[in-house]
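**Q** 61 is the number that my numbering gives to position 61 of the sequence shown; each next residue is one higher, with no gaps.
Warning: the hint list may mix true and false statements.
Taking lysine-lysine pairs in the DSS-like style, the calculated list, with each CA pair at most 25 angstroms apart, reads [what the hints assert, rightly or not]:
id, residue 1, residue 2
1, K66, K17
2, K33, K72
3, K72, K20
4, K20, K32
So the derived label-pair ranges between C-beta atoms look like this [as the list claims (entries may be wrong)]:
id, residue 1, residue 2, range
5, L63, P111, 26 to 36 angstroms
6, N26, G106, 16 to 26 angstroms
7, G48, A84, 10 to 20 angstroms
8, P111, Q30, 16 to 26 angstroms
9, M108, A70, 26 to 36 angstroms
10, G97, G117, 31 to 41 angstroms
11, T115, E60, 12 to 22 angstroms
Hint data in this document are derived by calculation from the structure and do not stem from the laboratory. Glycine included, C-beta positions come from ideal geometry on N, C-alpha and C.
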Amino acid sequence: MSAPLFDIFNRSGSAVKPIKPDEVKNRLAQNKKTVLLDVRSPEEYRDGHIPGSQLLPLHELALRAKELPADKSTPLIVYCLSGARSRAAATQLARAGYSEVYDMGGIMNWPYEITRGR
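When you get a sec, could you build the whole thing from the sequences and use the hints?
**A** What follows is the structure in structure tokens.
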């Protein structure tokens, strides 16, 4: 039986890579397998989020790990409001074995369209 996803933090040598909003926009357009994770609260998400993002609050990340792609080579891009939660989430994902983890930082740096509501 394998260990739960977030019990294997120190087994991966993966590093989190920073990514700029324009690079995020390009990656999302070019690679349909890329997953964009918003790790803020549901209320913050409703107030405005990047189109196509999936809400997965930082405090629920370990509990909802089954919602993440099984293929650990899937590119994951993480963002929050200002960058602190995205950095924590990206680090957890890399330590869990995801090999392509990018931290965009905060949505406050996103100069493109946002969606309000669910």
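**Q** Checked against the structure, which of the hints given earlier come out wrong?
**A** Of the numbered hints, all hold.
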